[in-house]
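Single-letter residue listing:
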Amino acid sequence: VLPAGFGNLMQDVLWCFSQVKGTIDIGVTEADIISTVEFNHTGELLATGDKGGRVVIFQREQESKQQPQRRGEYNVYSTFQSHEPEFDYLKSLEIEEKINKIRWLPQHNAAYFLLSTNDKTVKLWKVSERDKRPEGYNLKDEDGRLRDPSMITTLRVPVLRPMDLMVEATPRRVFANAHTYHINSISVNSDYETYMSADDLRINLWNFEITNQSFNIVDIKPANMEELTEVITAAEFHPHHCNTFVYSSSKGTIRLCDMRASALCDRHAKFFEEPEDPSNRSFFSEIISSISDVKFSHSGRFVMTRDYLTVKVWDLNMENRPMETYQVHDYLRSKLCSLYENDCIFDKFECVWNGSDSVIMTGSYNNFFRMFDRNTKRDVTLEASRENSKPRAILKPRKVCVGGKRRKDEISVDSLDFSKKILHTAWHPSENIIAVAATNNLYIFQDKVN
Amino acid sequence: MLGKGGKRKFDEHEDGLEGKVVSPTDGPSKVSYTLQRQTIFNISLMKLYNHRPLTEPSLQKTVLINNMLRRIQEELKQEGSLRPVFVTAAQPADPLGDSFREAQPAFSHLAAQPLLPAELVSTTPLEACLTPASLLEDDAFCTSQTVQHDGPTKLPPPALQPVKDSFSSALDEIEELCPAPTSAEAVAAAADAAADDAKDHPSESGVQRPEGVPESRAAEPKLMDSLPGNFEITTSTGFLTDLTLDDILFADIDTSMYDFDPCTSATGAASKMAPVSADELLKTLAPYSSQPVTPNQPFKMDLTELDHIMEVLVGS
Numbered sequence: 001v002l003p004a005g006f007g008n009l010m011q012d013v014l015w016c017f018s019q020v021k022g023t024i025d026i027g028v029t030e031a032d033i034i035s036t037v038e039f040n041h042t043g044e045l046l047a048t049g050d051k052g053g054r055v056v057i058f059q060r061e062q063e064s065k066q067q068p069q070r071r072g073e074y075n076v077y078s079t080f081q082s083h084e085p086e087f088d089y090l091k092s093l094e095i096e097e098k099i100n101k102i103r104w105l106p107q108h109n110a111a112y113f114l115l116s117t118n119d120k121t122v123k124l125w126k127v128s129e130r131d132k133r134p135e136g137y138n139l140k141d142e143d144g145r146l147r148d149p150s151m152i153t154t155l156r157v158p159v160l161r162p163m164d165l166m167v168e169a170t171p172r173r174v175f176a177n178a179h180t181y182h183i184n185s186i187s188v189n190s191d192y193e194t195y196m197s198a199d200d201l202r203i204n205l206w207n208f209e210i211t212n213q214s215f216n217i218v219d220i221k222p223a224n225m226e227e228l229t230e231v232i233t234a235a236e237f238h239p240h241h242c243n244t245f246v247y248s249s250s251k252g253t254i255r256l257c258d259m260r261a262s263a264l265c266d267r268h269a270k271f272f273e274e275p276e277d278p279s280n281r282s283f284f285s286e287i288i289s290s291i292s293d294v295k296f297s298h299s300g301r302f303v304m305t306r307d308y309l310t311v312k313v314w315d316l317n318m319e320n321r322p323m324e325t326y327q328v329h330d331y332l333r334s335k336l337c338s339l340y341e342n343d344c345i346f347d348k349f350e351c352v353w354n355g356s357d358s359v360i361m362t363g364s365y366n367n368f369f370r371m372f373d374r375n376t377k378r379d380v381t382l383e384a385s386r387e388n389s390k391p392r393a394i395l396k397p398r399k400v401c402v403g404g405k406r407r408k409d410e411i412s413v414d415s416l417d418f419s420k421k422i423l424h425t426a427w428h429p430s431e432n433i434i435a436v437a438a439t440n441n442l443y444i445f446q447d448k449v450n
Numbered sequence: 001m002l003g004k005g006g007k008r009k010f011d012e013h014e015d016g017l018e019g020k021v022v023s024p025t026d027g028p029s030k031v032s033y034t035l036q037r038q039t040i041f042n043i044s045l046m047k048l049y050n051h052r053p054l055t056e057p058s059l060q061k062t063v064l065i066n067n068m069l070r071r072i073q074e075e076l077k078q079e080g081s082l083r084p085v086f087v088t089a090a091q092p093a094d095p096l097g098d099s100f101r102e103a104q105p106a107f108s109h110l111a112a113q114p115l116l117p118a119e120l121v122s123t124t125p126l127e128a129c130l131t132p133a134s135l136l137e138d139d140a141f142c143t144s145q146t147v148q149h150d151g152p153t154k155l156p157p158p159a160l161q162p163v164k165d166s167f168s169s170a171l172d173e174i175e176e177l178c179p180a181p182t183s184a185e186a187v188a189a190a191a192d193a194a195a196d197d198a199k200d201h202p203s204e205s206g207v208q209r210p211e212g213v214p215e216s217r218a219a220e221p222k223l224m225d226s227l228p229g230n231f232e233i234t235t236s237t238g239f240l241t242d243l244t245l246d247d248i249l250f251a252d253i254d255t256s257m258y259d260f261d262p263c264t265s266a267t268g269a270a271s272k273m274a275p276v277s278a279d280e281l282l283k284t285l286a287p288y289s290s291q292p293v294t295p296n297q298p299f300k301m302d303l304t305e306l307d308h309i310m311e312v313l314v315g316s
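Listed in order, the protein sequences are those of chains P and U. If you read the first sequence in the UniProt record's numbering, its first letter stands for residue 1, the second for the next number, and so on. If you read the second sequence in the UniProt record's numbering, its first letter stands for residue 1, the second for the next number, and so on.
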């Protein structure tokens, strides 16, 4: 297995199907729709959250000499109900249990910790293993009833005996009642003591130990809600500088803030916005400029943003325009009115970096996902489908035909299935392993083993 | 999820298309632009009021749709303010263009010469203009149109009619109904009329969601009511705050039209109002009442009944 830091050039990597999780039923249960995917910092664990409020964690099995081609498959490690649906009695509205985001904490001991959030409440979960059980108590009967103390004449120390491995998930902290609007992002700070949660109008800073208080660090709510024209769409801490974070907006802007400057970071340190291209202006210019995801590179030097049609890479030192712009599915530009009508224009696609920041990936429609190599400027479109699901089958690049003659393997824009959207993907921190969520199925692809 | 992305057939909307009146002097591009703008406006309004009632709507989506509506409304306002100048016709293009450029609405470069369609060079066939939302997609519409100015050599035809779509006629009706356009119910009535026109309009049927017609019909009086006076969406509180049924039922009604003159009480218990104003009144009352009101029935005010109610309220 090549370490992902070197030579991750597109032409060298052939992506193969590895696994798929989830049912093949024609009718998808809404609760099973995957709403977030995240590897932990070592890549040993892969967590998914779904619309039903459940979290499923997969663990990579140890690679075995006997079956080198299996390359460490991911198997279910733990499943738990993270959030339940709630009812806001004041507004007479339901609060969805859908898991919007999962973020892992770095590991300090044998247990794993992750943050999961729905629209209103963030929870810290501890996932730990239990493979021993104390036995030999003489204070209780066989059926657990306490024995009469006067009948006990000796003190026996219980002995730990092995048992079948049990993985427990327990909620250790619940951070509630801090968000009036819907939480769209959570981000763990590099100090590992604090994290932030962002909703449409505010960003709060939490200490992991304190659940009844949070600091509000960004507030863009206008005094008069009728004047509201812009909302926060995503936020993330800098990977190394614990005082720095960015947040994106529905107008296509990114603000970088320094928490050392003031307690309330309403004034940005840097403001990133690309001037509008007049030749591309349309009714939908603002909507397609709305940023759906923002991600720092692992190096911390760049920020990647995803809007409806493009992925952009920004240099933190250059505010007036992005360094690189990649077209994800520009053929949709002439379909924006339909996509506005059926709400697809509001789909929030995420984007991810690979471990070496050389390749970026994002999803599209028809269960397509796209990868862009920043060095070679080559890109590829792949598909997550059951048809390509033979073990270790190499994924064939897909192509959308824009007009005119359609070649044999191409698919025309009008044949795209807009209900099959890949919004959530994840890339292993150091290897060429990717997880792609296609509605209720999770696909895992790996690069080809020679 | 269901129904999204499904291809809609052109056949479904063909019946509604014939009803559209297109002035023969209109260039296809101008009509298409106006058509698309109106379509998007209608779609946007439907979106704001047809969301799933169980959970809170996405604030981001609401804000984006609201911004869209504001932009379109700004454009309409600017175009509306220029129409009287245009009707006198045979005017050179430049003054209008200048005033447009000064105003600089959001899509000014698209609307640069909207009232002079003869100048627009477009090869788009007329059929392409009469299309529902999905088929409006064309690079010419959704992206910026490079409006070609042929310059002073091409003068507009002398008897050029202003573009008449149901929106313009709605605005005209507002002006006819009530000289002070601030009265909410006049706008509601005109908008209601526009909605009626729009119902025949293909885009209206095109944008109906799979949930079916009744829901959208029920939504119409609701959304029309929330349009306040002056058609100023920017001053509306309806988009960004929760709009409940209470807001509509207990919305202030301008009672100036049926305030009765004490002098007429001498004629008897029933004071009849002039038929013209009664019809108008009924039209304005239509959104608020759940019962159908027949326009032919004269409106009766029973003074003794009112006295009785007052007694009950005062608690005598």
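Bear in mind the hints are in silico, worked out from the structure with no lab data behind them. Ideal placement from N, C-alpha and C gives every residue a C-beta, glycine not left out. Do not take every clue at face value.
To be verified - Here are the computed lysine-lysine pairs in the DSSO-like style, where the Cα-Cα straight-line distance is at most 30 Å:
hint, chain 1, residue 1, chain 2, residue 2
1, P, Lys-65, P, Lys-91
2, U, Lys-77, P, Lys-91
3, P, Lys-251, U, Lys-61
4, P, Lys-21, P, Lys-91
5, P, Lys-51, P, Lys-65
6, P, Lys-420, P, Lys-396
7, P, Lys-65, P, Lys-335
8, P, Lys-348, U, Lys-61
9, P, Lys-420, P, Lys-348
10, P, Lys-126, P, Lys-21
11, P, Lys-348, P, Lys-21
12, P, Lys-335, U, Lys-61
13, U, Lys-61, P, Lys-270
14, P, Lys-270, P, Lys-221
15, U, Lys-77, P, Lys-123
16, P, Lys-65, P, Lys-396
17, P, Lys-251, P, Lys-221
18, P, Lys-377, P, Lys-448
19, P, Lys-348, P, Lys-270
20, P, Lys-251, P, Lys-420
21, P, Lys-221, U, Lys-77
22, U, Lys-61, P, Lys-420
23, U, Lys-77, U, Lys-61
24, P, Lys-51, P, Lys-123
25, P, Lys-335, U, Lys-77
26, P, Lys-51, U, Lys-77
27, P, Lys-65, P, Lys-123
28, P, Lys-123, P, Lys-140
29, P, Lys-377, U, Lys-61
30, U, Lys-77, P, Lys-408
Claimed, not checked - Here are some chain P residues the structure puts well away from chain U; computed CB gaps all over 12 Å:
hint, residue
31, Pro-85
32, Lys-91
33, Val-400
Hint check results:
As the CA atoms of Lys-65 of chain P and Lys-91 of chain P are separated by approximately 59 Å, the hinted pair breaks the 30 Å bound. Taking the CA atoms of Lys-77 of chain U and Lys-91 of chain P, the gap is about 35 Å. The hint is violated against a cut of 30 Å. Taking the CA atoms of Lys-251 of chain P and Lys-61 of chain U, the gap is about 12 Å. The hint holds against a cut of 30 Å. Among the hinted pairs, Lys-21 of chain P with Lys-91 of chain P is inconsistent with the structure: their alpha-carbon atoms are about 37 Å apart, more than 30 Å.
At roughly 38 Å between alpha-carbon atoms, Lys-51 of chain P and Lys-65 of chain P are farther apart than 30 Å, so this suggested pair is violated. For the given pair, Lys-420 of chain P sits about 18 Å from Lys-396 of chain P by alpha-carbon distance, which is consistent with the 30 Å threshold. Among the hinted pairs, Lys-65 of chain P with Lys-335 of chain P is inconsistent with the structure: their alpha-carbon atoms are about 51 Å apart, more than 30 Å. In summary, the hint linking Lys-348 of chain P to Lys-61 of chain U is supported, as the alpha carbons are separated by about 11 Å, within the 30 Å threshold.
For the given pair, Lys-420 of chain P sits about 13 Å from Lys-348 of chain P by alpha-carbon distance, which is consistent with the 30 Å threshold. Only pairs whose Cα atoms come within 30 Å are accepted, and Lys-126 of chain P paired with Lys-21 of chain P is accepted, the gap being roughly 23 Å. Pair hint Lys-348 of chain P plus Lys-21 of chain P holds up; C-alpha atoms about 23 Å apart against a cutoff of 30 Å. The suggested pairing of Lys-335 of chain P with Lys-61 of chain U holds, with an alpha-carbon distance near 19 Å, which does not exceed 30 Å.
The hinted pair formed by Lys-61 of chain U and Lys-270 of chain P meets the criterion: a straight-line CA distance of about 26 Å does not exceed 30 Å. A hinted pair counts as satisfied when its Cα atoms are at most 30 Å apart, and Lys-270 of chain P with Lys-221 of chain P qualifies at roughly 20 Å. Our distance criterion of 30 Å between C-alpha atoms is broken by Lys-77 of chain U and Lys-123 of chain P, whose separation comes to about 49 Å. This hinted pair checks out: Lys-65 of chain P and Lys-396 of chain P have alpha carbons roughly 29 Å apart, not beyond 30 Å.
Between Lys-251 of chain P and Lys-221 of chain P the alpha-carbon distance is near 15 Å, which keeps this suggested pair within the 30 Å criterion. For the given pair, Lys-377 of chain P sits about 21 Å from Lys-448 of chain P by alpha-carbon distance, which is consistent with the 30 Å threshold. With a CA separation close to 24 Å, the supplied pair Lys-348 of chain P and Lys-270 of chain P stays within the 30 Å bound. Between Lys-251 of chain P and Lys-420 of chain P the CA atoms are separated by roughly 26 Å; this keeps the pair inside 30 Å, and the hint holds.
Restraint check for Lys-221 of chain P and Lys-77 of chain U: the C-alpha separation of about 28 Å stays at or below 30 Å, so the hint holds. With a C-alpha separation of about 21 Å, the suggested pairing of Lys-61 of chain U with Lys-420 of chain P holds against the 30 Å cut-off. In summary, the hint linking Lys-77 of chain U to Lys-61 of chain U is supported, as the alpha carbons are separated by about 24 Å, within the 30 Å threshold. For the suggested pair Lys-51 of chain P and Lys-123 of chain P, the alpha carbons sit about 16 Å apart, so the restraint of at most 30 Å is met.
Proximity of Lys-335 of chain P to Lys-77 of chain U is assessed by CA-CA distance (about 27 Å); at most 30 Å being required, the pair is judged to hold. As the CA atoms of Lys-51 of chain P and Lys-77 of chain U are separated by approximately 43 Å, the hinted pair breaks the 30 Å bound. At most 30 Å may separate the alpha-carbon atoms for a hinted pair to count; Lys-65 of chain P and Lys-123 of chain P exceed this at roughly 39 Å. Only pairs whose Cα atoms come within 30 Å are accepted, and Lys-123 of chain P paired with Lys-140 of chain P is rejected, the gap being roughly 35 Å.
As the CA atoms of Lys-377 of chain P and Lys-61 of chain U are separated by approximately 33 Å, the hinted pair breaks the 30 Å bound. Restraint check: the Cα-Cα separation between Lys-77 of chain U and Lys-408 of chain P comes to about 50 Å, which exceeds 30 Å; the hinted pair is violated. Distance check for Pro-85 of chain P against chain U: the nearest CB is about 9 Å away, which does not clear 12 Å, and the non-interface claim fails. Distance check for Lys-91 of chain P against chain U: the nearest CB is about 7 Å away, which does not clear 12 Å, and the non-interface claim fails.
At the 12 Å boundary, the C-beta of Val-400 of chain P stays outside the reach of chain U, the nearest C-beta of that chain being 15 Å off.
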